[in-house]
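Participant: Going by the working numbering, the residue at position 420 of the sequence shown is 420; the numbering climbs one at a time, nothing skipped.
Honestly, the hints are just simulated from the structure, not real lab data. Note that CB positions come from ideal geometry on N, CA and C, so glycine has one too. Keep in mind that the hints are not guaranteed to be accurate.
To be verified - Simulated restraints, written as ranges between beta carbons of each label pair:
#1 P1055 - W259: 47 to 53 Å
#2 K638 - P540: 39 to 45 Å
#3 K157 - I577: 17 to 23 Å
What the hints assert, rightly or not - Here are the simulated lysine to any residue pairs, SDA-like style, with alpha carbons at most 20 Å apart:
#4 K990 - L1049
#5 K1025 - S874
#6 K756 - K784
#7 K417 - F427
#8 K963 - H952
#9 K429 - I219
#10 K1032 - A961
#11 K429 - D959
#12 K1058 - L908
#13 K145 - L123
#14 K1025 - G409
#15 K710 - D906
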Amino acid sequence: MNEHASFSPYHRYHGDEEHGREIIDGEEGDESPFEIPQPKKAPIERLKRWRQATLVLNASRRFRYTLDLRKEEEKEHIKRKLRAHAQVIRAASLFKEAGQRVPHAVDTSGGLPIPGSDYGIGLDQLSALTRDRDFSALQEYGGVKGLGKLLKTNIDKGCGGDDSELLQRRTAFGANTYPRKKGRSFWIFLWEAWQDLTLIILMIAAVLSLALGIKTEGIKEGWYDGGSIAFAVILVIVVTAISDYRQSLQFQNLNEEKWNIRMEVIRGGRRIDISIFDIVVGDVVPLKIGDQVPADGILIAGHSLAIDESSMTGESKIVHKDHKAPFLMSGCKVADGYGTMLVTGVGTNTEWGLLMASISEDNGEETPLQVRLNGVATFIGMVGLLVALFVLAVLLARYFTGHTKNTDGTVQFKGGKTSLSTAVNGFIKILTIAVTIVVVAVPEGLPLAVTLTLAYSMKKMMADKALVRRLSACETMGSATTICSDKTGTLTLNQMTVVKAYVCGNQFNPLDDSQVIPSHAHTLLIEGISQNTTGSVFMPEGGGAVEVTGSPTEKAILSWGVKLGMDFGDARSRASILHVFPFNSEKKRGGVALLLGESEVHIHWKGAAEIVLTSCTSWLDLDGSVQPMDSVKVAEFKKNIEDMATDSLRCVAFAYRLYEMESIPKDEEELSQWALPEDDLVFLAIVGIKDPCRPGVKNAVQLCTSAGVKVRMVTGDNLQTAKAIALECGIIDSEAAATEPTLIEGKVFRALSANKREEIADSISVMGRSSPNDKLLLVQALRKRGHVVAVTGDGTNDAPALHEADIGLAMGISGTEVAKESSDIIILDDNFASVVKVVRWGRSVYANIQKFIQFQLTVNVAALVINVVAAVSSGNVPLNAVQLLWVNLIMDTLGALALATEPPTDRLMHRVPVGRREPLITNIMWRNLIFQALYQVCVLLAFNFWGKALLHLKHDSIDYADKVKNTFIFNTFVLCQIFNEFNARKPDEKNVFTGVTKNHLFMGIIGFTLVVQILIIEFLGNFTKTVRLNWKLWLLSVFIGFLSWPLALGGKFLPVPKTPLSELFASLGRLCKFQGRRTEHSNGPQNDGHEEAHQ
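When you get a sec, could you build the whole thing from the sequences and use the hints?
Facilitator: See the structure below:
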């Protein structure tokens, strides 16, 4: 591993493997309520548990960006109501269908009312038709064709699609949008920031102090104490509200992106790609496996179309659609097959639209780091609370026993002599100090720092082509130890072209020379290409370039067909489709049964070359005659396939067979269940499709390897093709390494026992001819080995693996909606290099949080120790309430903004991944923290006790000398934090200034803090109880702050133990318990022996 990795605070926690096994087995491993082992599947009870364990003085702010469990329950209740409504409609529809089976007279004379509008049917009739699934009404309208006429839509070519027509349709039938619940306004955030219990106590104290001050000293001088505290509290509230409001806006923008699904529609005979929000009533929408049904509609035509309606009905039942059950509901997913639909309802005129309008999109989500930080904040808060109570008790005891003196030496409280208002004022000042210590000590901003860095990272990741769907994935990606990547489109460009072809057993060049192919074979090949496809070819009427649409593989084959002289429309019209077997990633092939003329039936198959070849018993030769497939010919075809695969080509084969019309099921229901014959096929052709590697993918793979993240390729392609691409991408180093189990076939892996799969999972680099289930088995085996697994996927069948993985990465371009919904992050450009950027950002989130923790804890420890020691020893504190509130603002909101928004560096990719259970505060952080806190405490306490001598103030009045000393301590303390903020940027690097000028927000916050500090000391002394300092004292303050830099540098030369301190203490505790038990055990028998002897 890289030399940086060995000296990193991010050492891999050696217990991860065991913890990984525990998590898989469902054990929690750690009983701490602040551990969420599986954020994707965390039970509600577990989420409630950590909330109950949290010390909260400001619940509304603390839990601002975590899951609102009450709202989640409300959302589920609304969903249940709408689903129940859908179920009632469904039941009524079934009841109607049953009634229609009984012969009775149907009155069709009156028909249905047609409103006087631009269209032959109105919004109310359309809504009622689809909502009630009224099949009889659909028939009265003339079926889907008649409805298309009423909506002025050609069901083959779609609507016209010009802007005026689209506007007219939106005006008549509505837009495919729904009213979103407005995000919370700035005033709500202001109100929530105001709810902090400690700030409320401070405001009450400020009001009382204001009243007593004005009463005793008059309005001119008496308002300073109370007014300054009130102003400081208001400043904290406003800055907090602004910070939270900005984050909220960022999350809202990201949510908009999440819902903006891209869909294909047919307009004017051509397929175009549009946003789901732009779909209108009358649109014709092609549907394929994995798509979301974008609106309510009626099926025009479909083959083996099966819809998953669980999102609406709550039942995980797949519903088959045909012309008897043509109604499609918005929001449902296509589980199988393909077809086209006519849109009849959009937006809030659909059940889905009503559902989405009635539930608000909650930004809250549990992230493990947030929960762990709540645990840290709770622990620190409890310590701070105890310290504050201790300081309160000491100060009150000293005050009321007459041990607290004024600067001139007079006693502040004399029993029976001091007036009540003076005593109350003294009590309020002491209470204010104690409460302010709580404000500083309880780091409410700690969990919010996660949200801040996540919001920042999510925004920047969008620019890096990654859309985060689940917040916790940002964190988890930093811990990823392996990435199981698809080949096509992720490691390769997904720009496919046919570069090699064997037709009738012969290779032919050039590829577009159709003359060398026998006419009979040419006809059959064009028939197979044009009919057995989900793509389409649009030929503009005025000439122009041919437009080919479909998946990259389909586009490559159709483009080759066009070069062979295929007229797509004409070829499609020559035969009618009887039945379709859609391409299946399990079987790696798809087929179609065609009727030509009255009785001639052709069955065409297309798919993975070696799989189609095994089903063939004959082949078509150059003379157009069918020859038997003997072992010699099989070996020849296999050699052709292997040669193409070695050249990293995807091999697709075409085959066909004749079939008897009499053997085809006559009943429509039986036909829909008919299994297409896949034996006795005649081999037609093999094509080799080139999909070049993405530029830069090799460097990206190398970067992952150096970062301790193993890249594995899991592909459905031939093993030889996969090997060639893996060598090209650097996933496999050499030919010699390409042996089993490094290179393994899906069926071989699948056949192994669970234990054996787990054993070899680490060794696998390439899995070829894998099914989605093989990918799932690999993910499970790797997770049991303790790995944090990221998986890329694009198909519907990838959903289980995406869901099972620690981080599911769906492809934005080639990915289906089902895959995207199961994922945590969507890679918008389908590029593996973008996956690597996500790893960088994941590590950056964790690193930034650690920087902020180190900075905040240093301030916490120093401020608490200084005030406690001073309070106990002298009865006075050098840092008053207003000063502590300013320090709280620096370390809380401003500190989080400065440190939580550091961009990722290349150095992050030279570290090993962060372990699942690695402690948040590493040994290196403890070393840095103790060094800085100890330095600040020693220096500032020295000035607190001997400041008058050290600062040469003995000749000044006692009152002035004390003010100068306390001002100097406050100023030096703040400047130490400013200098230490630079140290916190690079906890494990000696040069803390690398890239600092590029982080404009950091420099801006440092500048802002410094300017405000100068204003406080020089101009706002009445508010903060400070006096102006001369240039010598300013230089001394700066020098003391500056010394923290060489001190931090020197400290980094000190080695730290690799084993985390928490683990060392735990081991020590276990050892003590063990020794105790041994002592008890050894003493027990001796005592018994003595008793026996005595008897």
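Participant: Now, for every hint given, state plainly whether the structure supports it.
Facilitator: Do the hints match the structure? See the list:
| no. | hint | in the structure |
| --- | --- | --- |
| 1 | P1055 - W259: 47 to 53 Å | holds (52 Å) |
| 2 | K638 - P540: 39 to 45 Å | holds (42 Å) |
| 3 | K157 - I577: 17 to 23 Å | holds (19 Å) |
| 4 | K990 - L1049 | holds (6 Å) |
| 5 | K1025 - S874 | holds (18 Å) |
| 6 | K756 - K784 | holds (12 Å) |
| 7 | K417 - F427 | holds (16 Å) |
| 8 | K963 - H952 | holds (13 Å) |
| 9 | K429 - I219 | holds (18 Å) |
| 10 | K1032 - A961 | holds (15 Å) |
| 11 | K429 - D959 | holds (18 Å) |
| 12 | K1058 - L908 | holds (19 Å) |
| 13 | K145 - L123 | holds (18 Å) |
| 14 | K1025 - G409 | holds (19 Å) |
| 15 | K710 - D906 | holds (18 Å) |
Violated hints are absent here; each numbered hint is respected by the structure.
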